[in-house]
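Protein chains: 2
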Amino acid sequence: MQQQAFPRYVLLLSLFVAFANCDLRNNEIDRCHLDDSVRRAIRSHKDVVDRIVSATIDGPFKGSTYNNLSLLVDKFGSRYTGSQNLNDAIDYMIDLGRKQNLESYGEEFLAPYWIRGNESASLIKPVRLDLPMLGLGSSVSTPTEGIVAEAIVVSSFEELDAIGPLAKGKIVVFNQDFVSYPATAKYRSSSADHASAHGAVATLIRSITPFSMRTPHTGSQFYSGKYKKIPTASITVEDAKMLDRRYKRGEKLIIHVKMESKSLTTTTRNTLMNLKGHTYPEKLVMISGHLDCWDVTVGAMDDGAAAVMSWNALAILNALNLRPKRTLRAVLWSGEEQGLIGARAYANSHREDDLTFVMESDEGTFEPIGLEYKGPDTGACILQEILSLFEELNATKLVRSNDVGSDIAVLTSRGIPGASLYNKNERYFWYHHTNADTLDIEDPDVLDKNTALWASVGYIIANLNVDMPKK
Amino acid sequence: MQQQAFPRYVLLLSLFVAFANCDLRNNEIDRCHLDDSVRRAIRSHKDVVDRIVSATIDGPFKGSTYNNLSLLVDKFGSRYTGSQNLNDAIDYMIDLGRKQNLESYGEEFLAPYWIRGNESASLIKPVRLDLPMLGLGSSVSTPTEGIVAEAIVVSSFEELDAIGPLAKGKIVVFNQDFVSYPATAKYRSSSADHASAHGAVATLIRSITPFSMRTPHTGSQFYSGKYKKIPTASITVEDAKMLDRRYKRGEKLIIHVKMESKSLTTTTRNTLMNLKGHTYPEKLVMISGHLDCWDVTVGAMDDGAAAVMSWNALAILNALNLRPKRTLRAVLWSGEEQGLIGARAYANSHREDDLTFVMESDEGTFEPIGLEYKGPDTGACILQEILSLFEELNATKLVRSNDVGSDIAVLTSRGIPGASLYNKNERYFWYHHTNADTLDIEDPDVLDKNTALWASVGYIIANLNVDMPKK
Numbered sequence: 001m002q003q004q005a006f007p008r009y010v011l012l013l014s015l016f017v018a019f020a021n022c023d024l025r026n027n028e029i030d031r032c033h034l035d036d037s038v039r040r041a042i043r044s045h046k047d048v049v050d051r052i053v054s055a056t057i058d059g060p061f062k063g064s065t066y067n068n069l070s071l072l073v074d075k076f077g078s079r080y081t082g083s084q085n086l087n088d089a090i091d092y093m094i095d096l097g098r099k100q101n102l103e104s105y106g107e108e109f110l111a112p113y114w115i116r117g118n119e120s121a122s123l124i125k126p127v128r129l130d131l132p133m134l135g136l137g138s139s140v141s142t143p144t145e146g147i148v149a150e151a152i153v154v155s156s157f158e159e160l161d162a163i164g165p166l167a168k169g170k171i172v173v174f175n176q177d178f179v180s181y182p183a184t185a186k187y188r189s190s191s192a193d194h195a196s197a198h199g200a201v202a203t204l205i206r207s208i209t210p211f212s213m214r215t216p217h218t219g220s221q222f223y224s225g226k227y228k229k230i231p232t233a234s235i236t237v238e239d240a241k242m243l244d245r246r247y248k249r250g251e252k253l254i255i256h257v258k259m260e261s262k263s264l265t266t267t268t269r270n271t272l273m274n275l276k277g278h279t280y281p282e283k284l285v286m287i288s289g290h291l292d293c294w295d296v297t298v299g300a301m302d303d304g305a306a307a308v309m310s311w312n313a314l315a316i317l318n319a320l321n322l323r324p325k326r327t328l329r330a331v332l333w334s335g336e337e338q339g340l341i342g343a344r345a346y347a348n349s350h351r352e353d354d355l356t357f358v359m360e361s362d363e364g365t366f367e368p369i370g371l372e373y374k375g376p377d378t379g380a381c382i383l384q385e386i387l388s389l390f391e392e393l394n395a396t397k398l399v400r401s402n403d404v405g406s407d408i409a410v411l412t413s414r415g416i417p418g419a420s421l422y423n424k425n426e427r428y429f430w431y432h433h434t435n436a437d438t439l440d441i442e443d444p445d446v447l448d449k450n451t452a453l454w455a456s457v458g459y460i461i462a463n464l465n466v467d468m469p470k471k
Numbered sequence: 001m002q003q004q005a006f007p008r009y010v011l012l013l014s015l016f017v018a019f020a021n022c023d024l025r026n027n028e029i030d031r032c033h034l035d036d037s038v039r040r041a042i043r044s045h046k047d048v049v050d051r052i053v054s055a056t057i058d059g060p061f062k063g064s065t066y067n068n069l070s071l072l073v074d075k076f077g078s079r080y081t082g083s084q085n086l087n088d089a090i091d092y093m094i095d096l097g098r099k100q101n102l103e104s105y106g107e108e109f110l111a112p113y114w115i116r117g118n119e120s121a122s123l124i125k126p127v128r129l130d131l132p133m134l135g136l137g138s139s140v141s142t143p144t145e146g147i148v149a150e151a152i153v154v155s156s157f158e159e160l161d162a163i164g165p166l167a168k169g170k171i172v173v174f175n176q177d178f179v180s181y182p183a184t185a186k187y188r189s190s191s192a193d194h195a196s197a198h199g200a201v202a203t204l205i206r207s208i209t210p211f212s213m214r215t216p217h218t219g220s221q222f223y224s225g226k227y228k229k230i231p232t233a234s235i236t237v238e239d240a241k242m243l244d245r246r247y248k249r250g251e252k253l254i255i256h257v258k259m260e261s262k263s264l265t266t267t268t269r270n271t272l273m274n275l276k277g278h279t280y281p282e283k284l285v286m287i288s289g290h291l292d293c294w295d296v297t298v299g300a301m302d303d304g305a306a307a308v309m310s311w312n313a314l315a316i317l318n319a320l321n322l323r324p325k326r327t328l329r330a331v332l333w334s335g336e337e338q339g340l341i342g343a344r345a346y347a348n349s350h351r352e353d354d355l356t357f358v359m360e361s362d363e364g365t366f367e368p369i370g371l372e373y374k375g376p377d378t379g380a381c382i383l384q385e386i387l388s389l390f391e392e393l394n395a396t397k398l399v400r401s402n403d404v405g406s407d408i409a410v411l412t413s414r415g416i417p418g419a420s421l422y423n424k425n426e427r428y429f430w431y432h433h434t435n436a437d438t439l440d441i442e443d444p445d446v447l448d449k450n451t452a453l454w455a456s457v458g459y460i461i462a463n464l465n466v467d468m469p470k471k
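First to last, the sequence lines map onto chains A and B. Position 361 of the first sequence, counting from 1, maps to 361 under UniProt numbering, and the rest follow consecutively. Position 68 of the second sequence, counting from 1, maps to 68 under UniProt numbering, and the rest follow consecutively.
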């Protein structure tokens, strides 16, 4: 997952409100007064749900999401926007969709293509130590010989601002505590800008994670354009704390940072697959995940599993001859990690009127709990009623959220209601944007449950007698 | 921690019996019939225990183990046997002991000095992938250009033996499941020998851990001398499983392994500190941990914390003017990771008769539970009575074990009773022998509790009216 990058206020807003879920309170449900015909229409899908769940967790599709994810990550490795791997993976997924008789195609768009190149960071004084690091997406490079400079260590933007002039000519190390992803990721996305404002020459940020095994986490960062662009990278939690200890003891720290990054532009594609609606084919319900990932990982968790799950949901429905009233569209986004580039391109080239509901899974595919929802109250009542069909999966919980998914935030910010997978993702940020994001995080049986939920909810919403209400 | 390397039957025995603890059953305690004078002597130490605990967890020594560990790991980094860092760290600890008025000195011995050099492993076909790896201690190098060979993947020695001739000329990848450290570490210690017996050219073993963040774990391995010595290294759990998936799909795997390791011999020292006994100064009770660690880690958990804790236990007793009847000796072992070399040298150059009890902490210094004990029944009764004084620390549990500690196994195998710290170390092997073994694993307050326990138990045993019974 990645937060929105532009416009800037949206990024900041999403950082503050994200994960600020609130359970749908009982009194809200009581106030639902769902139209009887809608309630009956939802409940009439119980048999369909049972068919989908049974086919997916015990039947012919058992293990199919995991197995296809396994083939995807082993075949293509990192599917980084701009890479041949991603292009090949897109072709492969389109082909897979067609083999399942789904209308499948790519939609091109322009995206940033940031090439990491060789990179390193070392403590030079008072002792020599390699600092495992990862440059942050869109960072400028250092000069060829790197930057050697004295380092200062701060724990927040406020602390940096307080010592302002001290940062001039220095490498600023941010040793911020992890509070939550949205509250802490700002140190990744804008430490370079903040430090450059004080004349710093580079920044190294403590990786954004609540747990570390000396693992650096990459991610995107953005320059506002107001200050000189300076190189920025993440180091491990352990090393940020070690530098902080030394700095507090009064040791003079000299650090050498070297980055050979390049920023180019590329053409890539979103991957679309349609299960055509039989009554309102022009109306769309979307299920999605992003196919792209960072260059240092195979992105099984972020977000290959959801991309494969979205394809598979359509494939399973099609195989079961379940065709809804509206068209159910799976979108496998690209350019997500660079700032939801694929979603912006989609939003700019498609009519919003046709889109009745959007779903994305991009916060893990661990044990399912239910859905997070953003939209009008009546929609919450509809979803709550739908989720009551998923007791077998233990996935009946609806929470309201101002931040459902990453790519689809572009669409929900335009008033389209949406939902994301709500799951037991306490360990999500342990692996996020690291080379440890591998297939091993995923569980075949749990992926089956998520797939069954994804397919069923998508189908029901696309098949209802009413559109999901918009604002 | 490291298991015993020579003689070979001892290694195998220790692998099978290690961790095979059994709680001291109530009926055993009932059968104790401790001599009343011994029981009274133990109980008379309650005030002393309270003084030590209070001074260590609330008083002037609060945080002292953590702070000194922090200085040690930051100042010297990896304290690898044979390295200048370890020599400097030994000098530093001897000096620290002397500053606390403890008789402190080093005892030299010869040890293997294995130099890692540059090393790498990559999958070459069917796709190119770097495989994070760590050569295993004492492994021979590859030729300069490395070894490029087809790989086969097995999950056990039995599976390898069953396909015997297939291994000829191949790199054998061991993808053994983690069962427990003692049951699984044999794949690290002797996969090269096993595979060489079938004509393999190198082995790569799945790291010995129940949890991985794509982290390779190093460790020692041994050649029996019966077969050609072939290079051997560990890869990550994730990559071992990935290679296994590919192999099972019928993909032909070509791997390139390159290692520039060298085996030399070095002189190093055990570090000894004595708190002289006032009545039987020639009789010894030992508390210990090993100061050395692997070259890829600062070894805060394995085993810097215990080395510092053993020094600090003596320093605290001395500062509190607590001098026991027998001499209490802290030993900070070296050469542990190469096969308990320092402990063997000690055993060969000291009179066993003088040694009445040995303690080592080398399985983590997490929240304390009590002690693991190896020795006669009466000793168990004495220890159980002593541990009853530690309710405040929640560390009253005694378990019997055939494997208490690593270095002191050399001494307990010669009939000297011994104990090791029993603690909540479920995550110990997550970090074991990796670059993620850093200060961050340790908790200042928990280290205080362990230090108080360590100092108190050591003091009481050294101050009892009877020697701990030997077999």
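Since the hints were derived computationally from the structure, they do not count as laboratory data. Quick caveat: nothing in here was measured; it's all calculated off a predicted structure. The reader is advised that the hints may include incorrect statements.
To be verified - Derived DEER-like restraints, expressed as beta-carbon distance ranges: (1) K99(B) with P444(A): 23 to 29 Å; (2) E426(A) with E108(B): 48 to 54 Å; (3) S224(B) with R51(A): 27 to 33 Å.
Said to hold, decoys possible - Mimicking SDA-like on lysine to any residue, the simulated pairs with C-alpha atoms at most 20 Å apart in a straight line are: (4) K241(A) with G77(B); (5) K241(B) with Q84(A); (6) K241(A) with I254(A); (7) K283(B) with K46(B); (8) K252(A) with G77(B); (9) K99(B) with K276(B); (10) K241(B) with D440(A); (11) K424(B) with F211(A); (12) K424(A) with I369(A); (13) K241(B) with I369(A); (14) K75(A) with R128(B); (15) K99(A) with L322(A); (16) K248(B) with K186(A); (17) K248(A) with D74(B); (18) K471(A) with D35(A); (19) K262(B) with K99(B); (20) K241(A) with P126(A); (21) K75(A) with V127(B); (22) K283(B) with N318(B); (23) K248(A) with N67(B); (24) K75(B) with D440(A); (25) K75(A) with L129(B); (26) K75(A) with K46(B); (27) K241(A) with L129(B); (28) K252(B) with L71(A); (29) K75(B) with I152(A); (30) K262(A) with K125(A); (31) K75(A) with D95(A); (32) K186(A) with K229(A); (33) K283(B) with E103(B); (34) K186(B) with I147(B); (35) K262(A) with N67(A); (36) K125(B) with L71(A); (37) K62(B) with V446(B); (38) K75(B) with L71(A); (39) K241(B) with D443(A); (40) K248(A) with L71(B).
All residues carry an ideal CB built from backbone N, CA and C; glycine is no exception.
*asked:* Hints numbered earlier in the text: which of these fail when held up against the supplied structure?
replied: The structure conflicts with hints 1, 3, 5, 7, 13, 16, 19, 24, 26, 27, 30, 34, 35, 38, although it agrees with all the remaining ones.
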